[in-house]
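S.K.: The primary structure of each chain is shown beneath.
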Amino acid sequence: MKRILIIGATSAIAQHCARLWASEGARFFLVARTEGRLEPVTRDLVARGASAISHATLDVLDQTSHEATISRALESLGNCDVVLIAHGVLPDERQCAENPAEAIRQFNINATATISLAAHAATHLRKQ
Amino acid sequence: MTNGLLGWGRYPRTPQAGREIAWIDDIPRTLKKSNKPTLAYGNGRSYGDSCLAVSREVLHMKTLDRMLGVDWTSGIIRAEAGVTLGEILQLSVPKGWFLPVSPGTKFVTLGGAVANDVHGKNHHRKGTFGRQVCSLALQRSDANLVTCSATENEDLFRATIGGLGLTGIIAWVELQLMPVKSAAVDTVTTRFNDLASFFELSSRFDASHEYGVAWVDCLARGKNLGRGIYIAAEHAGAHTAASPPRHNLRVPFDPPLPIVNGLTTRLFNPLHWRMAPARERSRAMHYDPYFYPLDRIHDWNRLYGRRGFQQFQCVIPDAKAETGIAALLQAVARSGRASFLTVLKRCGDIPSPGLLSFPVRGISLAIDFPQSAQLETGLLPELDRIVHENDGRLYPAKDAHMTAKHFQAAYPAWRDVERLRDPALMSAFWKRVTA
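Protein sequence lines, in the order shown, are assigned to chains A and B.
So the first sequence is residues 1 to 128, counted in the working numbering.
So the second sequence is residues 1 to 435, counted in the working numbering.
To be clear, the hints were calculated from the coordinates, so they are not data collected in a lab.
A portion of the hints provided could be inaccurate.
To list a few chain B residues with every Cβ distance to chain A over 10 Å, as calculated [stated by the list, open to error]:
#1 N3
#2 S34
#3 E80
#4 S135
#5 A333
#6 D349
One side only, chain B facing chain A, incomplete, derived with CB under 8 Å [said to hold, decoys possible]:
#7 W23
#8 V54
#9 L91
With beta-carbon atoms standing in for the labels, derived distance ranges [stated by the list, open to error]:
#10 I350(B) <-> R105(A): 57 to 63 Å
#11 R306(B) <-> E39(A): 40 to 46 Å
#12 N3(B) <-> R105(A): 28 to 34 Å
#13 R105(A) <-> A150(B): 47 to 53 Å
#14 Q128(A) <-> K32(B): 44 to 50 Å
#15 N79(A) <-> K95(B): 38 to 44 Å
#16 P15(B) <-> N79(A): 50 to 56 Å
#17 D416(B) <-> G49(A): 39 to 45 Å
#18 E93(A) <-> Q176(B): 45 to 51 Å
#19 F107(A) <-> T2(B): 38 to 44 Å
#20 R281(B) <-> E24(A): 37 to 43 Å
#21 A241(B) <-> P91(A): 49 to 55 Å
#22 A119(A) <-> D155(B): 56 to 62 Å
#23 S149(B) <-> Q128(A): 47 to 53 Å
On a predicted model such as this, the values are computed, not experimentally measured, just so you know.
C-beta: ideal position from N, C-alpha, C; glycine also.
Next up, chain A with everything else stripped away, as it sits in the complex (with noise of 0.2 Å):
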């Protein structure tokens, strides 16, 4: 049984490989920015054989929750097999350039926040 995390549980890809991983038993912790969207995924996952979900909510550019939010993940999961980073948006192209702003807070959400997130993952996997 594979115990995974997921940042951006909510987003396309994320439902879809745990939908697989779901099959084979897997039991999750999913984290996404909407508490009310992560209801309807887990009640899926269930259906379609995890073995337990837990879930915490997440803006990622909020980066000083970040170590406490993947070691509360980490914690409930006990040992940690997987973690799948797929929180994203997709930048409006005009917009950023017209506002340098906005660019930055896209910049943020899609690279910073991931390779801070990826940075504290990496960390706990190490000393597990």
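Go by the hints and put chain B onto chain A.
M.R.: This is chain B only, laid out in the frame that chain A set:
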């Protein structure tokens, strides 16, 4: 946005642009955004224009596809409207549950199965799909999400089953499954020589078997009129094993001319009939090739070429079934216009909760025709007249040509559905038949 969405028959060719719905709360937001009447579009398995919006803008429901809860003790499953019947079977069969009613393809969505109140080869035992629905949730443009069932918002429930997606956007459906002991079915196959033999075989097998359907050689005439191949089936016992087919095929492009046409049908039909066993032959097989033989050829609708095809499906009530079906088959054989796919099936008298449900006790005939201008002006009006004169009706889910007069005569409850129609929704079919 998905562009170029069509009905399964790819006629009429009025491509639709689909706004993707991935969450139930996307529905009210998207309805508010569209300023023209729209419609839910599932997996595009309705044949004609009942899944096409007049505005050519639809809500594409395929990505609303989560299971919301299953109870493997009671066999009750709740799932979002874009989940296909095939996805349910994939989960449920290993747990010992099957769809109590299944149409000829597993690629229809739950929402589509409810909106068209589809039926299967066991209509005489189980009635329509709508009978298996415990409850459903409907999102209208003028209200919050409402739950409907036989005891809660009953008017809306009955108008939505077979309601062609016009009473609101179906968000989720809760369904009662039926227990099975294996993934296999025990089939009995035999060819028959004429229409009278079909009536005899279907009466006999319907009494003993859950499923029954016949392929008919629509080009046979004279004493061979209505000859075909009958296949009855039952779910197999616990000790019968069968594996699903391994390879699927795909039609990769539109052939310049229809491959399924008068010529290929004339060559194929007699051969197909002769190869079937003259005496009853029993065989166990996996449920998939039995229920969904055409699903193995992905995009088989392309075989009809760019112009597409129309399926004509009617049901003639018992009292006039024998003469009515004979008259239809004679007209088709005379025209020489038919294709390979011709199916006869007996419908039972189990009532549906749906106001616009298609089946009535009698015999249903379905025939695919390659699209052509002459089809619309010659054969179809003749077939429609025969159906009308024999108190029969056409199936909206398959239709792209039925007249308002014939529709309104066959489905008098249409006014009740129109009264409950969400003003934000309108299909090309509904506009045509309520004109």
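S.K.: If a hint holds in the structure, say so; if it does not, say that too.
M.R.: Status of the hints after comparison with the structure:
{"no.": "1", "hint": "N3", "result": "18 Å, holds"}
{"no.": "2", "hint": "S34", "result": "21 Å, holds"}
{"no.": "3", "hint": "E80", "result": "7 Å, violated"}
{"no.": "4", "hint": "S135", "result": "16 Å, holds"}
{"no.": "5", "hint": "A333", "result": "49 Å, holds"}
{"no.": "6", "hint": "D349", "result": "35 Å, holds"}
{"no.": "7", "hint": "W23", "result": "6 Å, holds"}
{"no.": "8", "hint": "V54", "result": "30 Å, violated"}
{"no.": "9", "hint": "L91", "result": "7 Å, holds"}
{"no.": "10", "hint": "I350(B) <-> R105(A): 57 to 63 Å", "result": "59 Å, holds"}
{"no.": "11", "hint": "R306(B) <-> E39(A): 40 to 46 Å", "result": "45 Å, holds"}
{"no.": "12", "hint": "N3(B) <-> R105(A): 28 to 34 Å", "result": "30 Å, holds"}
{"no.": "13", "hint": "R105(A) <-> A150(B): 47 to 53 Å", "result": "51 Å, holds"}
{"no.": "14", "hint": "Q128(A) <-> K32(B): 44 to 50 Å", "result": "48 Å, holds"}
{"no.": "15", "hint": "N79(A) <-> K95(B): 38 to 44 Å", "result": "29 Å, violated"}
{"no.": "16", "hint": "P15(B) <-> N79(A): 50 to 56 Å", "result": "51 Å, holds"}
{"no.": "17", "hint": "D416(B) <-> G49(A): 39 to 45 Å", "result": "42 Å, holds"}
{"no.": "18", "hint": "E93(A) <-> Q176(B): 45 to 51 Å", "result": "49 Å, holds"}
{"no.": "19", "hint": "F107(A) <-> T2(B): 38 to 44 Å", "result": "29 Å, violated"}
{"no.": "20", "hint": "R281(B) <-> E24(A): 37 to 43 Å", "result": "40 Å, holds"}
{"no.": "21", "hint": "A241(B) <-> P91(A): 49 to 55 Å", "result": "52 Å, holds"}
{"no.": "22", "hint": "A119(A) <-> D155(B): 56 to 62 Å", "result": "58 Å, holds"}
{"no.": "23", "hint": "S149(B) <-> Q128(A): 47 to 53 Å", "result": "49 Å, holds"}
Hint compliance for this structure: hints 3, 8, 15, 19 are broken, all remaining hints hold.
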